[in-house]
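K.L.:
Sequence:
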Amino acid sequence: MLMSASLARNFSWRPFGCEASDLEIDFEREPRPQVAMQILAACASNIQGEQSDAGYFWNMTISERIRCLLGLAFQGKEEIPLSFRCLQGDCQELLEITITWDELAGLHPSTGGADILTITIGNESLRLRRPTGSDQLKWLASSFADEEAALRAMARDLIVDRGEIAESLPGQWLKEINRAMSALDPLVAFHLRTRCPFCGEENEYEIDLEQFALVHLREVQRQLIETVHCLAACYHWNEREILLVSPWRRARYLALIEKERSR
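Residue numbers (the working numbering): 1 to 263.
Treat the hints as calculated values from the structure; they're not laboratory data.
It is possible that some hints are incorrect.
[Unchecked claim] Simulated restraints on C-beta separations:
#1 E226 / L174: 43 to 51 Å
#2 N46 / N123: 45 to 53 Å
#3 R261 / G76: 24 to 32 Å
#4 L254 / E30: 42 to 50 Å
#5 R85 / V220: 18 to 26 Å
#6 W139 / L23: 47 to 55 Å
All of these numbers come straight from a predicted model, not from anything done at the bench.
Glycine included, each C-beta is placed from N, C-alpha and C at the ideal position.
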């Protein structure tokens, strides 16, 4: 899985979509950070084999959270398949590419993966940290007059050393902070440049990797719900009994049911 050595060392991860707790996650109604945290907390166990405290994951950086979600969504796969539409208005063909785990792991060209970034304008400097899930929770509960006010409030929360510049944040600083944060968290602001094989036009694409992972995990949940429904209808087992059956045996029972239906 695409995660830091500390996470790999401190937790063990089970696949998503095989236990009852995976069916409790409401992908439609819960805010996205909440959905992500529920998935991580459900699938991670500590070294004693106990389910992890969700509070830990709220303090995880958003970038690290995306790494974990991608790892769960594409566990066991050598590459991550991405799909998106061509940006040319008269084309709009579906483009499909793959990205390796090594390519994603190396997405820190400007910072070397550091959690703190220093930006300088003239003789003044500011240090910024990566945003966390707790930051997102705070921002979601807040109301802002406009986009600039929201960006200014978020930037202030991420400044490590508070001072006069941190309090005023003139427009020049706000623009530089926005640029710097994209460099600090490339998984959050993920971009790639590619040429469309259909129309031949090259464009830069912004891809929401977290949403991409969650869409895949929601599909895994949908398949589990359909599995429960099919086995319950055929064998009259309840949900708990079905989920106690190992995934490979469930797949075998489904294959037998399909075989019977096709006769």
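K.L.:
None of the hints should be skipped; say for each whether it holds.
P.N.:
Verification of the hints:
no.	hint	verdict
1	E226 / L174: 43 to 51 Å	48 Å, holds
2	N46 / N123: 45 to 53 Å	47 Å, holds
3	R261 / G76: 24 to 32 Å	29 Å, holds
4	L254 / E30: 42 to 50 Å	29 Å, violated
5	R85 / V220: 18 to 26 Å	24 Å, holds
6	W139 / L23: 47 to 55 Å	29 Å, violated
Hint violations for this structure: numbers 4, 6, all remaining hints satisfied.
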